[in-house]
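As a plain string of letters, each chain reads:
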Amino acid sequence: MIVAQRKPFAEIAQSVSGFNRVLVAGCGTCVAVCLIGGEKEAGILASQLDMGAQIKGDECTFAVACVERQCDREFLDELAPQVAEHEAVLSLACGAGISFLAERFSDTPVLAGVNTSFIGINDDVGVWGERCRSCRDCLLSLTGGICPQALCPKGMLNGPCGGASEGKCEADPLKDCAWALIWERLENTGRLSNLEPIVAARDHADNLPGAQVHPAYERRYSAHE
Amino acid sequence: MSSFGDALAAGEFVITVELDPPAGPDLAPLIDLASELNGQVDAFVISDNRLASARLSPVLAGQRLSQEAGAEVIVTLTCRDRNRLALTSEMLAAAAAGLDNLLLVSGDFVNLGDQPGAKPVYDLDSVQALVLAGGLNGAARFLLGSGLAPEASPQPPQVMKFNKKLRAGAGFFMTKPLSGLAGLEAFVEAAGPLEAKLIAGVEVTDEAGPEAAATLAKEVKASGLAGGAHLSWPGAPQRLPELLALLQA
Ligand code: SF4
Ligand code: SF4
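Same order as they appear, the protein sequences are chains A and B.
Take 1 as the starting number for the first sequence in my numbering and just add one per residue.
Take 1001 as the starting number for the second sequence in my numbering and just add one per residue.
Only chain A is shown next, with the shape it has when bound in the complex (with noise of 0.2 Å):
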């Protein structure tokens, strides 16, 4: 899933300041497991917003609406009645969702309410983790399933760097050492010899904008180009 974390109310508060009638787009997928984005917080974010008008005597108004996935056309048809009767929307759905938002609405101003963090897991109650980096060229197989690019900060392939310490990590602490975790797991598992080769330097030519379709529906696709 994708995690995400509110922006300081602060932020927010500025970035609307001007519209009159905003409407708080909520989204029920990821940033709603996270606690950050759902529908619930989107209604917090509103009677936090209204108080904060009130207070200053500003006749804004704040609305709310939640879809089940910003990031999908067909979910994001749903929010266009109430689109067309505010002047701006504050969107706490992941950086896709915001983007496909403002793209399918593009002639309303679209705001951000959350900065988008990682991809990543549930490790416990209000406990988030990340896992992954989406590199596009999967190495878990390798490591044990411990992604060296999301839980190293310096991303190294072939082995720990030298500021490992008693198992925690030269930038963190706090952490541990990514490889500590890679060496013990393949240890665990009878299969340290995975990290015999050298891993060569990763490719980065295909680092364009993603895009992909499914093999299944390449035909109907490539009729249009």
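Check each hint, because a few of them may be wrong.
Here chain A is said to cover these stretches of chain B; the calculated rule only asks that three of the stretch's residues, wherever they fall, bring their Cβ under 8 Å from a Cβ of chain A [said to hold, decoys possible]:
#1 1114-1124
#2 1127-1139
#3 1143-1150
#4 1154-1165
Straight-line alpha carbon distances no greater than 20 Å define the calculated DMTMM-like cross-link-like pairs of lysine to aspartate or glutamate that follow [as the list claims (entries may be wrong)]:
#5 B:Lys1119 / A:Glu130
#6 B:Lys1221 / B:Glu1012
#7 B:Lys1221 / B:Glu1195
#8 A:Lys40 / A:Asp50
#9 A:Lys40 / A:Glu78
#10 B:Lys1176 / A:Glu130
#11 B:Lys1218 / B:Glu1012
#12 A:Lys56 / A:Glu11
#13 B:Lys1176 / A:Asp172
#14 B:Lys1119 / A:Asp72
#15 B:Lys1119 / B:Asp1081
#16 B:Lys1218 / B:Glu1203
The following residues of chain A were derived to be distant from chain B, with all beta-carbon distances above 10 Å [unchecked claim]:
#17 Asp50
#18 Ala80
#19 Gly95
#20 Glu170
#21 Ala211
By construction, these hints were calculated from the structure, which means they are not laboratory data.
Using N, Cα and C, we set each Cβ at its ideal position, and we do this for glycine too.
Put chain B with the ligands on the given structure of chain A with help from the hints.
This is chain B with the ligands only, laid out in the frame that chain A set:
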């Protein structure tokens, strides 16, 4: 081969000294220091934005030290600040400047330094940087080295990476500053017979002073665990002559 390489190959116990280029454009004090120390050391290791704090280019500093102080120089290049294109440029610059000894390291993380908001590059790691240097046009002239952290833990993955660096062409290894002999001893035992020279890092700290560093350097030599000592005095590099005098005493 470089004179440093010759000394290593001859099995001499080498002494190297770490010098940080200035955080400004004036190289005169560094050149004076190198001139004073020249003859007492086998090579000067020119650091590269040590501890992730920006300083003058190590290739340029190395070239000036070589030309104006007659110094034998080892140029450090980190992967932290340069992608593979920029590393290639600097390696070629070093070669063109007649600087044949390269120390290729990953580099301390940016959050330790003076510009913690800088983008960490790490396009390559140190193993991949060795592979890059080994494949460069004109690479035959390079003597390649890398870093080693005998006291880092856990140790087994460090040994694994050390072996990869050997396969990638590292001919010498500079260790991080040691706190004693125990870590080095354990590493050498774990790594088995060494095909490359280890040069043990000996740093003067404010707490322990130069006497402790000189003692450790002598212990390293007597132990036979390393092929040299790499001296540094980050708090007061201008006092390095004192440390060398203590070593000779
Ligand atoms: S290697 Fe890491 S960053 Fe790349 S796809 Fe796999 S988990 Fe994601
Ligand atoms: S200590 Fe481990 S996780 Fe941290 S930067 Fe070094 S190799 Fe990566």
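Worksheet item: When the hints from earlier in the document are held up against this structure, which numbers fail?
Response: Violated hints: 10, 14, 20; rest satisfied.
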